[in-house]
Amino acid sequence: MIKKISVLLILIFLTGPLGGCWDRKELPELAIVLGTGVDRTADGRIRLTVQIARPSAFVAAGGGGGGGGDVPAGLVVWAEGETIEDAEMHLETKVPREVYWGHNMILVIGEEMAREGTRMVTNFFHRNRQPRETIWLMVAKGEAKDFLESHSALEKTSAQAASFLARMKLGYSVSSREFDEMLASKGVQPVATRVEVKRAGTTLGPGREKQPSNQKQVELTGVAVFREDKLIGWLDEHETRGLLWLKGEARRGIIAVVPSPGEPEKEVSIKIRRAKTKIVPQYDGERLLFNVVIEAEGDMLEQQSRKDLAKPGKIKALEGAMAEEIQKRAAISLKKAQRGYGVDIFGFGDAFHRKYKKEWRKLKNRWDREFARAEVNISVKTHIRTTGLLTRQPYLPEE
Amino acid sequence: MLERGKIDSKQAVFLMIALVLPTAVLTVPSVVAKLASQDAWLSVIVATLVGLLIARLVVSLSLRFPGKTLFEYAEEILGRVPGKVVGLLYIWWFLHTNAFILDEFGAFLGITILPDTPFLVFFIAGTFVAAYAVRSGLEVLVRYNQLFLPLILGLLCVIFILSAKDMKVARLLPVLDTGLVPILKGAAVPVSWLGENVTFAMIIPFLNRPKEAYRVAARAVLITGFFLLVSVLVSLAVFGPNLTRAWIFPAYNAVRVVSIANFLERLEAAVVAVWMLGGFAKIGVFYYAAVLGSAQLLGLKNYRPLVAPVGVILVALALLCENTVVLFDFLGRVFPPYALVFELGIPLVLLIVALAGGKGGKKS
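So the protein sequences, as listed, match chains E and X.
Residue numbers for the first sequence follow my numbering, so the first one is 816 and each next one is one higher.
Residue numbers for the second sequence follow my numbering, so the first one is 1252 and each next one is one higher.
Just so you know, these hints were derived from the structure itself, not from any lab.
Please read these numbers as outputs of a predicted model, since none were measured by experiment.
There is no bait here: all hints are sound.
Derived DSS-like pairs: lysine-lysine, alpha-carbon spacing no greater than 27 Å straight-line: (1) E:K1177 to X:K1285; (2) X:K1285 to E:K1172; (3) E:K1001 to X:K1419; (4) X:K1416 to E:K1170; (5) E:K1179 to X:K1285; (6) X:K1419 to E:K1062; (7) X:K1419 to E:K1093; (8) E:K1091 to E:K1196.
Same shape as in the complex, but just chain X:
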């Protein structure tokens, strides 16, 4: 066993929320509004439903192979070589996705509060701290998250409530303006984000009550979906669809608009705090998944020697992104189909093959 830590169900819910929400809450509204205009919030609801299905798929697959991660049961299902190939693909995906998370992390800080700092500094600082957490084991990451996620969610609630004064419901109307197609198109982006929950497959073996995994996953997806929904609704109600899609981080701008009695204003630092605290947890989980997966693929007894090299690769990958235009174009256009291969495609194939071959233990 590479990881000796155990986490309880509540911690797992928190971890899964941190796996998706921190970056999504700021970038999703703009990307979805580009496709679905004022119906973007409907896209998020559709996406949450699909996210529930993906989570269910991942959990059913994992529960067939108790105590095993994605990398281990992929080999068991497909055989040694194809299993290793799938493992390699997943390592690439974890790293690549994480590199984009780092890019978003750097882009946000660079645009909003630290314009003079090179992105490399954000990448190295973020990766370095995450590396320390990953090296210390899953439990450390989970405890960190347990401490700060409630703070993050609380801050989000407060700042969204405060912007109520500037909202107008009329900006959300008319509903279903251009029919269902744009809504479904718009849903692809949040689906790919919520689908990042596939990383949960690396965590399920370490749950102290694996039977609750279904409930954990469902709860996490619903909470994440709810906060995404609120973020989209707030952005739309404050700016309307045309301005929402023009901003890169509409939720951030919505908070900048808050001014109550000309006194309670300039609260955007709270959003930056959410981004820093949550972004770190998110980077940490993907980092952990990549490191643990690599160790299992290589059959190592200890994953620690891999932390530093994986971190270096991560920073290098993050540096490949040329600018924010490329970044957000990728996230809106390329990422959904690309990610869905890993979030839905491969797990589905694995499950079908496992069912057909009668592999895996009794269905729990």
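Isolated chain E (complex conformation):
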């Protein structure tokens, strides 16, 4: 009997703590970080800027009761410190809630900070359990703080806008774990998305017709090039296209603009549907040669010429022009990496390592120099599948 009663008492007692309620964290008690920026201040300290979501703004949007759009969706707070963790502590003295990193989507590193080295930034984000390995890593031209303070007219916050842009993978986007993987390998130097704050388009709405737009918005404008963890330069949007081709990251959505056959001044747009890149190294102990084979498949979606291009011969010619265009793009990026920066951002070294493991041991410590003087043959195979819904320009008179 005593045993039964004691068991019952223990059970009753346990129902309290078992729910774990003393340690609960309700949504309204959290300050959910959506985006983070890290800058180097003039006096050598680290400035951590966070964009924090205001949950009520997110709820109002679903309600449809109007007015939701005018509630600011987030706030931007910053603090300085010796380390990121230190800065975070100072940050928490300004935010009346517990800072929660689990939904952080982007990590923007300011230009100055990136030049000094990303290692002291990313370590915090990997060592702590809340921030995720999948956050997008970006480098801001200028200050990361300005970037986070910008606004997005379409999305709730600029952090979301930037992460959605990165997710679409039209440019080169890299998660923090992929960045660190590149950093850890001697056969490739890291690159990260470059972001900039630019003047935004006009926001529409009643009564807004006459207001001049002075809004700022975020844009992905190429990539930042690193040697080890230090920023050494940039590739613009065009050069980034070449980078995507060489890295085998060219995905659907990229457009190749090629001259129309027989009419060089008229252009044809081809939308890439899928692409594949193969890097085949050749090494005889002296001469280092890379054969890069790019295969691309696309649909012709626009023409400026009046001619009927939907003919087998013309399509063949277009495929040739497309291959030439891709080859040219890739060559421009390659030249910039080899001659301009002298770093292997394409992972040629990794490809070399896979094929020549013994030779790699000798070359790996001076790989960037070897890469800079390597010979590279880029060959492109292209294929045009369809011409969209049209055959020829329909609004021309019969000839």
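Use these hints to put chain X onto chain E, whose structure you have.
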């Protein structure tokens, strides 16, 4: 007979898997990748083969002495005093290993989901529940395991399949980058883990069909080896060797990376579930081995009075580990040679002496 329960062959396979897998599946990839880089998966295959040999050794030894545990036949083979010394050593090893399992258990929970909780709470909670299971007898532990191990294996399969999207085979290349030596070095760690199967020597007498022990052991080692292999392959294919060795629990991080259609993500709680359910079974088996062994060593009629004191010693031992750095350094560097003495060395000596002295019944 201290233990009256009987277990069937399937339960024994499950128990042997639970004896190794739960902690190994999370910690092995990082430790092996440190030594063997992208060839870590080859290390695991080598280790599985060695694990099969160890399992075979243990089973042959046990089958020579039907119905007897390691502690009983050690005395029979070596004589009373040396046998007792061997028994004492094994009690120490079961306890010490179990203390490290508790440390890993606490470290994982403390790092991943419960950072504010003192490790002592994990130790006491884990030991307390395990103590209850051990006190209730082998069958209870086995039934618990029979219920949850399929769930654990199923969850592992699902989360590993889901991370397929983030894998790249190129990260596993080149194979045999630095030759065979690092692979063999890397194999030492999973061997010491798989060798924990020596604890099976405490269970074999309670099999209802002891003749199937060979098959049970082989099957268990192969299944365990397979899951270790998959865990290592997944970690390597998602992160590459450089990042794999930097993480402490690469398989856990690999699951965190899973994001399918921006919808199916944040699945790491499943890994924590695997760790909790499996870790408890693993702690339970080692606990049981230590308690049963102590009772046999002391010649007691009932092992139950020993459950509580052994549990207290266990928690105290677990508390000796200062921090996770010491823990993982020990597991990677010290544990393999130390454990192999008990997993391979002593059983081998026992078998040789038994063969030489013609001890033990007919070989079955």
